[in-house]
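S.K.: Sequence:
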Amino acid sequence: MAPARKRTIQHSTHPGHLLAEVYMNKEYICDGCNTLGYGTRYRCDGCNFDLHEHCGTCPARFSSFMHPRHQLNLIFSHIDRICGVCGDRVEGRYYRCNLCNFDVHPLCTQLPQFVRHAMHPGRPLRLQPSSPTWCMVCKNVCTSWRYSYNSPVLDDYALHPLQFALRPSLYKRH
Numbered sequence: 000m001a002p003a004r005k006r007t008i009q010h011s012t013h014p015g016h017l018l019a020e021v022y023m024n025k026e027y028i029c030d031g032c033n034t035l036g037y038g039t040r041y042r043c044d045g046c047n048f049d050l051h052e053h054c055g056t057c058p059a060r061f062s063s064f065m066h067p068r069h070q071l072n073l074i075f076s077h078i079d080r081i082c083g084v085c086g087d088r089v090e091g092r093y094y095r096c097n098l099c100n101f102d103v104h105p106l107c108t109q110l111p112q113f114v115r116h117a118m119h120p121g122r123p124l125r126l127q128p129s130s131p132t133w134c135m136v137c138k139n140v141c142t143s144w145r146y147s148y149n150s151p152v153l154d155d156y157a158l159h160p161l162q163f164a165l166r167p168s169l170y171k172r173h
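Quick note: the sequence shown uses numbering that gives the first Met the number 0, first residue 0, plus one each step.
There could be a bad hint or two in this list.
Unchecked claim - Distance condition first, Cα-Cα at most 20 Å in a straight line; then the derived EDC-like pairs of lysine to aspartate or glutamate: (1) K25 <-> D44; (2) K25 <-> E52; (3) K5 <-> D44.
Simulated from the structure, these hints should not be mistaken for lab results.
Quick caveat: nothing in here was measured; it's all calculated off a predicted structure.
Modelling step: build the complete structure from the supplied sequences, incorporating the hints.
M.R.: Okay, here's the thing in structure tokens:
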């Protein structure tokens with residue numbers, strides 16, 4: 000049996016080179032959106048160039064539950080911005096709604112709307128905009144979006160979205 004072929008892509012962020020889909024058991028910085036990644040990626044070994052799987056294949060335009068009224072457009076800019084979902088700086092490629100000035104990392108657009116977490120498996124948590132509250136995992140303040148319940152009684156239970164983005168194995172999709 001022949002060995003499995005690696006999937007390759009050409010990408011506008013790295014013209015003239017093929018990027019191979021690889022799995023490496025170490026962290027990296029995505030050269031598309033400049034955020035942390037881990038595991039599977041698109042890579043040019045000769046140039047030490049890496050893209051998240053999603054950054055390598057993300058559409059130029061799409062709709063999301065995070066911003067349901069308007070489509071989001073993929074942009075590249077060196078102007079400093081803040082991601083409307085995780086609250087971190089945006090450097091490199093990002094999605095933007097020009098009508099609302101809503102900006103979001105490509106990786107953050109992949110967060111599921113509902114998750115179940117091992118710390119509270121009984122009910123699903125929903126990704127939603129946040130007023131400042133404490134993250135139950137890292138004990139820091141959630142200032143942008145958070146996973147929480149749609150319940151005034153259980154509203155204190157919150158988790159940062161990136162608790163899930165960096166390690167999807169931590170959650171189960173609803």
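S.K.: Hint by hint, note whether the structure agrees.
M.R.: Hint check results:
no., hint, in the structure
1, K25 <-> D44, "15 Å, holds"
2, K25 <-> E52, "15 Å, holds"
3, K5 <-> D44, "13 Å, holds"
Checked against the numbered hints given earlier, this structure breaks none of them.
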